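Chemist: Each chain, letter by letter, is given below.
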Amino acid sequence: MNIDQQAEALISCWSCKGPCPQASAFCHTCGAVQPPGQADHFTRLGLDVSFEIDPGVLDSFYFNLQRGLHPDRFATRTPKEKVLSQAQATAINDAYETLKEPLKRADYLVHLKGMGVFPEGCNLVNDQTLLMESIELREALAEAETRHDVEVIAARAADDIATCIRQLSELFAADDIEGACRLTTRLKYLQKLAEEARAQKAKMN
Amino acid sequence: MAYSDKLLDHYENPRNVGAMDKDDNNVGTGLVGAPACGDVMKLQIMVSEDGIIEDAKFKTFGCGSAIASSSLVTEWVKGKTVDEAAMIKNTEIAQELALPPVKIHCSVLAEDAIKAAVSDYKAKKAEKTEAAE
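From first to last, the protein sequence lines stand for chains G and Y.
Per our numbering, the very first residue in the first sequence carries number 1; after that it's consecutive.
Per our numbering, the very first residue in the second sequence carries number 1; after that it's consecutive.
Certain hints may be false.
Below, a sample of chain Y positions facing chain G; criterion: calculated Cβ distance under 10 Å [to be verified]:
id: 1; residue: L8
id: 2; residue: R15
id: 3; residue: A19
id: 4; residue: V32
id: 5; residue: G33
id: 6; residue: P35
id: 7; residue: A36
id: 8; residue: C37
id: 9; residue: D39
id: 10; residue: M41
id: 11; residue: F61
id: 12; residue: G64
If you are wondering where the hints come from, they were derived from the structure by calculation, not from laboratory data.
It should be emphasised that the depicted structure is a prediction, and the values quoted were computed from it without experimental measurement.
No residue lacks a Cβ here, since even glycine has one placed at the ideal position from N, Cα and C.
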């Protein structure tokens, strides 16, 4: 089953036995909360499977779902519904945490499309250009003596991160998963650099 | 979870930190990275004419275990032939430093780094021999 088919697949509601989209948190017929099932994170939150997400839409879909699953609403329901609502809430949190952040979203989407960015063992970066860029930037940061030096590197990292995210959008739109995979690794290294720059600046205060 | 004294010692007093001229024909450079943690490790060896590693340097940007693993490897490879150095196993590094299971990948990175440095050196040698012929 491909991703789109999965989103449309119907299951039978455990409560009313009526048809219910597999990815839906609630039965469309009787409104009963459903088990989380196998839906991908995008479908679970009601979004298209795409790297390009409107953060406002993501937030509003997420908060809507969580409101519907709030424990207060289930206080007087059956134990089964309580358990299901908690499982749904967890699955939805997980989906939201993954999609809200571009690096995690890119990593997840690459996986969803069948490739591994950070495989087990995680020592598989062999992109010498990327590694050379990373070590040079980290060296420059280690040698930075003044706050200003660190700020210059941090500003460059922020620019590069923005460019990288833009390029990731284009590559995903063109379905170039291999290219997206490479850029996701680059984004990981850039974010690490930005993080280290922040830590260094904090130490200089 | 406490780290071993050996690990802490290599982390606090890393041996052989530095860089060599990567364009020197007797220098082999290995540059590897662990994408999951955003670590990057550079390990270089200086090889004598008879294939013995005379000196080794490293620079690692990463966690303490990655720094200690690469520091240990630079100590180990000195005096070894390049082929002996390429046979160092991550399990030996992990054992020596008593790395916790979640940090085993740091020793894998160090193993990859020395292997990459040796193959870089060998590639340069092969190129030189070819050019001489």
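Chemist: Are the hints correct? Go through all of them and say.
Modeler: Against the structure, the hints:
no.	hint	result
1	L8	violated, 21 Å
2	R15	violated, 18 Å
3	A19	holds, 9 Å
4	V32	holds, 6 Å
5	G33	holds, 4 Å
6	P35	holds, 5 Å
7	A36	holds, 4 Å
8	C37	holds, 7 Å
9	D39	holds, 8 Å
10	M41	holds, 8 Å
11	F61	holds, 4 Å
12	G64	violated, 15 Å
Against the hints set out earlier in the document, violations occur for numbers 1, 2 and 12.
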